[in-house]
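J.: So you can see what is in the structure, the chains are spelled out below.
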Amino acid sequence: MKKLINDPRDAVRESLAGFAAAHADVLKVCFDPVYVVRVDAPLAGKVGVISGGGSGHEPMHGGFVGKGMLDAACPGQVFTSPTPDQMEAATCAVHGGAGVLHIVKNYTGDIMNFEMAAELCQARGIEVQAVIVNDDVAVENSLYTAGRRGVGTTVLAEKICGAAAARGYDLARVAALGWKVNGNGRSMGMALSPGTVPAAGKPGFTLGEDEIEMGIGIHGEPGRQRMALQPARELTAHMADAIVADLPFGADDCVIAMVNGMGGTPLMELYLVYAELEQLLRARQIAIARRLVGNYITSLEMAGCSITLLKADDELLSLWDDPVLTPALRWGI
Amino acid sequence: MAVSREDLVHWLTALAQVFAENRQQLTELDLAIGDADHGINMDRGFTAVQAELSAHPPADLRAVFQDVAAVLIRSVGGAAGPLYGTFFLRAGTACSGKSELAAADVVALFGAGIEGVQQRGKAVAGDKTMVDALLPAVNSMRRALEEGSSLAGILDQGVVAAEAGMLATIPMQARKGRASYLGARSIGHQDPGATSSYLLLKAAAETWRA
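Just so you know, the sequences run in chain order A and B.
Residue numbers for the first sequence follow the numbering used here, beginning at 1 and rising by one.
Residue numbers for the second sequence follow the numbering used here, beginning at 1 and rising by one.
No lab work stands behind these hints, which were simulated from the structure alone.
Quick caveat, the model's predicted, so the values are computed rather than measured.
Hints may contain errors.
Reference excerpt, derived from the structure (chain B facing chain A, CB under 7 Å, subset only) [what the hints assert, rightly or not]:
| # | residue |
| --- | --- |
| 1 | Ala59 |
| 2 | Ala79 |
| 3 | Gly81 |
All C-beta atoms, glycine included, are put in the ideal place defined by N, C-alpha and C.
Chain A extracted, bound-state conformation (with noise of 0.2 Å):
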């Protein structure tokens, strides 16, 4: 294993004190518990809205702390989830008297964590609402597994929530655009070849020259199927016809994409994905009327990429333009 790092158990930690000196117009650091917030929070009347996860998908969550998307986020270790103290101290510490919305992403310790958390928050009177991020149309038998799990969409949901709580909503109807943006986001993902945890040493799984892994989590979570490579049209197809089937997407729908790169892949071939991608929806008459292409929820050095398309409305659009600024989405300021 070749790193950037001095020693594993230290390396969530020194990377956020480079994050926090790197953003410091935008947000800081608090180091016991952990959490980033924006440098002005909390602010008046406005609710205040958090995430977190593991480390190791960076720039989410801590990359959209910032004016008109989240107000902080948690991280945890590399690839767990933060713990319910992170998340109450953040709570506290944007809540504007508005209430606060957690969008968690539906994993196990996730869930369990943020949900202990809003328990302790709410035992100090703070009102707190949870949005459960499950767009991953790889898991197909979500009855008997933990369910879908949370991937792309928690972007966009972060991106259009931050802008509503902006914008003064109230606490129910940004945990509603929430659900909505949720309900309406479906992404898949897929890997070249595994990241490797610090304290792990090794590579999450194993992939052989000419494999991938199609459907992939992002902590290495396998997807549908294991599959010979093929060229990128083929593997856009695959990834884009099992996400329009899903919810579905049809002719004239009109859909913000995310072409999302896993950490190790370049923006070159994010770019020619994109192509393919937007190709293959002209065709389904699908119209892309926003899009990403870039390294947004990644999962350490792990080369492939996801997709995320939004059925959105005049209304998610619009939200959807506001203005953000944060290390990582800046637009309209």
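Keeping the supplied structure of chain A fixed, place chain B upon it in accordance with the hints.
T.: Positioned in the frame of chain A, the structure of chain B alone reads:
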């Protein structure tokens, strides 16, 4: 024989060594069907427990459990943090007001612990989780108690059942947690959570027998 506050602290501090020694094994098991962090997380959690118990010795049995729960909840993360945290929180409630634990109290505290784990994680027997080691262990300890076994005998029965339960997770297909995403590919692997639960109970039997 009864379990005193000191015995309890012995067990919980012994767990720091148990999970340090088994860190690699648990992580390897988790690498196969999870996300390769269970050994690391348990080691970090019980190292923190040991530090807390020696820095701030709790006044009574219940406080020991409450402190352990709080430390695990804030230091372990993942699913294991809330699950083991809830286990110790409930175990503490079960022995509230007691200054030492007789055999029946020990069985009751493990019973309360597993009940809390099931409420928090919503897993049932056969889901390939820590419940598959703890539930048969508690059932077996209850039987041994009814049969009038000594505390050492009860704990031994519990360990035997926990080990069998742990091994029985190998042919199971996971229905909870990250391993469930593997579907049939989770079959043939021993569950890391069931393994850490077995180690926890085994350490209790060993420290309290001495």
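J.: Would you mind marking each hint as holding or not holding in the structure?
T.: These are the hints, each one checked on the structure:
1. Ala59: At 23 Å from the nearest chain A Cβ, alanine 59 of chain B fails the 7 Å test, so the hint is violated.
2. Ala79: holds, 4 Å
3. Gly81: Nearest chain A Cβ about 6 Å off; hint holds.
The earlier numbered hint that this structure contradicts is number 1, and it is the only one.
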